[in-house]
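The listed protein sequences correspond, in order, to chains X and G. The numbering of the first sequence is our numbering, which starts it at 1 and goes up by one. The numbering of the second sequence is our numbering, which starts it at 260 and goes up by one.
Take these hints with a grain of salt, some might be off.
Below 27 angstroms or equal to it, Euclidean Cα-Cα: the simulated BS3-like pairs (lysine-lysine) are [to be verified]:
id	chain 1	residue 1	chain 2	residue 2
1	G	Lys-448	G	Lys-432
2	G	Lys-437	X	Lys-74
3	G	Lys-437	G	Lys-448
4	X	Lys-249	X	Lys-74
5	X	Lys-29	G	Lys-437
6	X	Lys-249	X	Lys-190
7	X	Lys-190	X	Lys-37
8	G	Lys-432	X	Lys-74
9	X	Lys-29	X	Lys-190
Over the 10 angstroms line for every Cβ pair with chain G, so calculated as not near, a few chain X residues [as the list claims (entries may be wrong)]:
id	residue
10	Ser-97
11	Met-173
12	Glu-238
Bear in mind the hints are in silico, worked out from the structure with no lab data behind them. Cβ atoms here follow ideal geometry from the backbone N, Cα and C, with glycine treated the same way.
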Amino acid sequence: MAEPSLPIIEIRNVSKTFQLQGQEVQALKGANLAIRKGEFITLIGASGCGKSTLLRIMAGFEQPTSGEALMWGKPITEPDPQRGMVFQDYALFPWLSVRDNIAFGPTSRGVPRVQAREIVERFIDMVGLSRFADAYPHQLSGGMRQRVAIARVLANDAEVVLMDEPFGALDAMTRERLQEELLDIWRSTKLTVVFVTHAIEEAIFLADRVVVMTPGPGRIESDNPMTLRRPRDIASPEFNDIRRFMSGKLHSHHGIKAA
Amino acid sequence: MTMAQTTATGVPVATPAAGGFQLASRLRSLGLALVVPALLLIFWHVATTNRWTRLIPTPFETSAYMVDFVWGGIYDDAFSGTAHIHLLASMTRVYGGFALAALFALPIGLLIGRIPLARQLLDPFFQLMRPIPVTAWLPLSMILFGLGARSAFALVFLGAFYPILLNTVFGVKNVDGKLFEAASMLGCKGNAQFFRVVLPAALPSIFTGLRLGLGLAWFVIVVGEMTGVPQGLGAVIMDGRTLSRTELVICGMIIIGIAGFISDRIVVAIGNRMLRWSPNHHG
């Protein structure tokens with residue numbers, strides 16, 4: 001498919017080597033990926049496959065050892081509010097209330113107070129936390145904290161939301177609810193989402209494309225478009241077929257590694 | 260009602276019915292806290308009335324002297340009704356020395372915690388100086404600052420300095436790295452992170468340092484007032500020793516204990532208010 005428009009994020013032949021106790025560890029080798037505006041991408045793979053490294057390179061927290069990471073054709077050199085990150089362990093500012101956590105981005109960028117307040121109220125409302133606007137993070141449940149973390153990057157006008165196993169620490173019920181809420185937000189805001197997970201079902205349920213990665217060294221194994229109509233029913237036979245197919249892709253590589 | 264008293268479901272915890280229960284539990288903890296002091300008092304009474312020692316006055320004699328020390332009108336000697344003068348003198352030194360210590364220790368701690376060069380330059384020096392007890396500084400302090408209040412200030416300063424310094428360094432160095440990443444992806448970078456991330460994140464540790472520092476300032480006040488100052492609770496205790504007036508020594512001790520305790524409670528109350536966001540910071 002020839003897309004004339006520029007990809008919002010492009011990864012070109014990116015490799016990343018870390019120094020670990022004097023030894024070189026290759027976390028990522030020759031990764032290529034183009035993400036178009038508005039896409040929902042999930043990166044899936046076993047631990048050590050480089051999925052988090054790839055996400056951190058997109059965020060600008062890490063620089064590639066070779067190759068390049070581009071946003072709208074320009075090299076990504078440092079973290080930027082255009083690319084918001086949602087961490088697995090929330091990384092909220094514990095000394096700020098829900099409202100002030102969400103206001104952190106706008107006020108850092110010098111958005112006038114009155115305007116910042118309006119933005120904050122809109123996103124607190126979007127994630128359903130109006131009643132808890134004055135609560136501190138430690139008073140909230142895990143699911144609520146992650147809602148704050150999502151609202152925080154949305155309030156900052158992020159075009160791309162990078163999510164590093166954001167629902168990994170939540171219980172199953174909360175996770176399902178947040179997945180649906182995330183899809184609602186994605187649909188209504190036309191965001192681009194890159195979502196790292198190790199849960200196959202979650203990857204299939206959410207994504208336009210599931211990118212499978214394999215470890216030792218981390219590589220992109222395949223890029224799988226998900227054509228299943230939304231809303232997706234995880235109990236449907238079609239969903240199960242895809243799950244079996246994707247699971248095969250992941251596990252065959254485990255077999256190779258173990259052999 | 261503040262959010263601190265509400266649960267995650269937004270339901271206020273303290274209902275009117277729970278108010279009575281809260282009072283009962285407060286009285287209970289007050290009662291329990293008084294058990295050990297009461298036992299000590301009884302032991303003191305028994306030991307002194309049975310003449311196990313002749314050098315220590317009975318609790319009753321001591322309390323009579325305390326009344327005289329605070330209000331006067333019983334013995335009418337040089338110390339009658341002078342407690343407030345000595346307390347005020349000591350407080351000036353404690354809070355003055357403490358404030359001076361905070362004034363130096365906070366910025367130096369922030370520098371050591373944040374700037375590697377400052378750490379390499381200063382940290383070994385302070386690690387070397389820290390084990391030297393305040394008492395050991397007494398002679399040098401009297402040579403450098405002379406006999407009197409300036410020496411006392413300097414010793415209190417030394418006592419309060421290290422806990423503030425060390426806890427500030429610890430707090431600044433141990434800010435969760437994720438918070439810097441979160442701040443930078445939200446558009447807060449470089450030096451702006453110092454005020455928006457480092458300082459608030461280090462506040463609980465800094466506060467612990469200030470609390471310990473103030474405690475130590477009270478702790479070293481007697482040594483500080485060994486430098487020949489005419490007034491102050493430490494001076495009273497030293498005089499009491501010289502004059503073999505044990506009841507004076509005990510009265511001085513009790514007043515230092517109470518003043519230090521009240522001052523600590525005030526600091527804790529301020530801390531609980533400033534750090535109500537912190538789940539593990541309620542003293």
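Quick rundown of the hints versus the structure:
no.	hint	result
1	G/Lys-448 to G/Lys-432	holds, 18 angstroms
2	G/Lys-437 to X/Lys-74	holds, 26 angstroms
3	G/Lys-437 to G/Lys-448	holds, 13 angstroms
4	X/Lys-249 to X/Lys-74	violated, 33 angstroms
5	X/Lys-29 to G/Lys-437	holds, 26 angstroms
6	X/Lys-249 to X/Lys-190	violated, 30 angstroms
7	X/Lys-190 to X/Lys-37	holds, 8 angstroms
8	G/Lys-432 to X/Lys-74	violated, 34 angstroms
9	X/Lys-29 to X/Lys-190	violated, 31 angstroms
10	Ser-97	violated, 8 angstroms
11	Met-173	holds, 16 angstroms
12	Glu-238	holds, 37 angstroms
Checked against the numbered hints above, the structure violates hints 4, 6, 8, 9, 10; every other hint is satisfied.
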